[in-house]
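All chains should be modelled from the sequences, with the hints used to inform the complete structure.
In the working numbering, the protein residues as written are 144 to 502.
Don't read these hints as lab results, they were simulated from the structure.
Note that the structure is a prediction, hence the values are computed from the model and not measured.
Beta carbons: idealized from backbone N, C-alpha and C, even for Gly.
Don't take each hint at face value.
What the hints assert, rightly or not - When the alpha-carbon atoms are kept at most 27 Å apart in a straight line, the in silico DSS-like pairs for lysine-lysine are as follows: (1) K427 - K249; (2) K294 - K401; (3) K190 - K427; (4) K206 - K427.
Claimed, not checked - Restraint ranges, calculated between C-beta atoms of paired labels, are given here: (5) N478 - D375: 23 to 29 Å; (6) E166 - V223: 36 to 42 Å; (7) A281 - Q306: 33 to 39 Å; (8) N478 - A422: 37 to 43 Å; (9) A259 - A441: 18 to 24 Å.
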Amino acid sequence: MDFILRILFTGLIAFVPNEDGTELTVLLLNADHNYHVSDGSSLPHHKPVFIARAGNCTGDCPKRDSDVAQFMFADQSLSVALDALEEAVGGGAAWLLAGSDLSIRKGSSSAPELPALWFRTDARGTVNGQPRIIPTTADEREDYSWVANLKQLCATGSCLVDQAVLASQPPSNLVAARLRLRSGKVFTYSVARLGGNVTPVRFERRDGQGSPSSYTQAVASWVAADIAVSGDSIEIVEAKFNGGAGRSMILEPDSNGKIEVAVLNLPPFVPPASSANNAPEVGKHFEMFYELNQNAQAPETRLVPRAGAPSGAQSYDAVDWHLIHPQAEQSQLLNALRLDIGRTVYDRTICPPLNNTIP
144 MDFILRILFT GLIAFVPNED GTELTVLLLN ADHNYHVSDG SSLPHHKPVF IARAGNCTGD
204 CPKRDSDVAQ FMFADQSLSV ALDALEEAVG GGAAWLLAGS DLSIRKGSSS APELPALWFR
264 TDARGTVNGQ PRIIPTTADE REDYSWVANL KQLCATGSCL VDQAVLASQP PSNLVAARLR
324 LRSGKVFTYS VARLGGNVTP VRFERRDGQG SPSSYTQAVA SWVAADIAVS GDSIEIVEAK
384 FNGGAGRSMI LEPDSNGKIE VAVLNLPPFV PPASSANNAP EVGKHFEMFY ELNQNAQAPE
444 TRLVPRAGAP SGAQSYDAVD WHLIHPQAEQ SQLLNALRLD IGRTVYDRTI CPPLNNTIP
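Next comes the structure, spelled out in C-alpha cells:
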C-alpha cells in the first residue's frame, strides 16, 4: 500500500535545515509568561501539540485528551470539546508536547525506506531577474522561500543559529519540543492573509525607529511536509530531552489513503468565524526568534513583520488570496479543528514561522 503522510505546521515554530538539506529540525519555541518583548508586554503562554487524523492508531493513542481538547476548543464545555477532538482525529490521536523530541519512522522493518527530504524551491517566479514578492498561482505559492528568512534581516554573519538548540538536550527556556524530519517534500501550504488580496510584509523595528529592511515578501503562515510512504503504516516516536519515558504511535491511513498531522505551537484563542482579516496586528512574537541566535540582538533593535511593502519596493499584481489557496487543497483535519487556513491567531498578528539555516 502507498499513501501520503501530510504534516502541517503553524505557530511559534522555527525551521532549521542542515547544511546539505538532508535534515530539517523543527523547533517549537517555549513561550511562557516569563518572556517579555521590547514593549514590556509578556507573550501569552503557548501550547505545543501534535494532532494526527488517521484510519487507525496503535500504541499511545489518546483521542480524548482533556488538556488538548480544552485548548483547541476553549469556547466549548469539556464534554463537547472532547467529542470535537475525537471527531477531528478519527482513528488517530492527540499529544500535548513537553520536552519532546519527535521522529518519524516507517511502520515496519520490512517496509521500503522513506523517501529523501527535499525542499520545493523551483516554483517562485521572477520580475526583471528578481524574485517576485508575492506568489501569483497556487503552484508558485508552494515555494519554500515564502518562509520568512531571519538571515535576510540581519547583518552578514550576525544571525547564526546557536548549536545548543540542536543538542540532545536543548535549553528548556527556548525549546519546548522538536521534530527532526529526514523525509518528504517541504513546501509552503499557505501565506498569511492580510486582506482580500495576497500582500507582502515589511520588516521594521517595533518602535518605528530606523528604516525597514529591503527584504519584503509574502510570508508563509502554514508550512507542510508530504511524505510518500510505501507500506501500510508510519510510526511517530517521542523521546524526552531529559531522558524520561517517551511514547510512540503507529498510524494507518484512512479510506482515502491519507494521514494528516498538525504540529501547532499557539497561544490560547478561539478561531474567528471567518478568514477575512483586513487589519492584522504587528508580529511582536517574531522578536523571540532572535533568541535562537548565538548572539541575540537587543530586543528593541529586532525587526518584526508589518502588513504592506515598504516604499520603493517592487510593484506587484492584485492577486486574490483564495486564487492561490484552492478549496480542494484544504485539510480535513484543520477544518475539523477550526484552523482552516486564514483562521489562526497568527493570521491576526502576522507572526509567521521562521527559516534559519545552519551556517
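Going back to the hint list, which numbers does this structure go against? When the structure is compared with the hints, numbers 1, 2, 4, 8 and 9 turn out to be violated.
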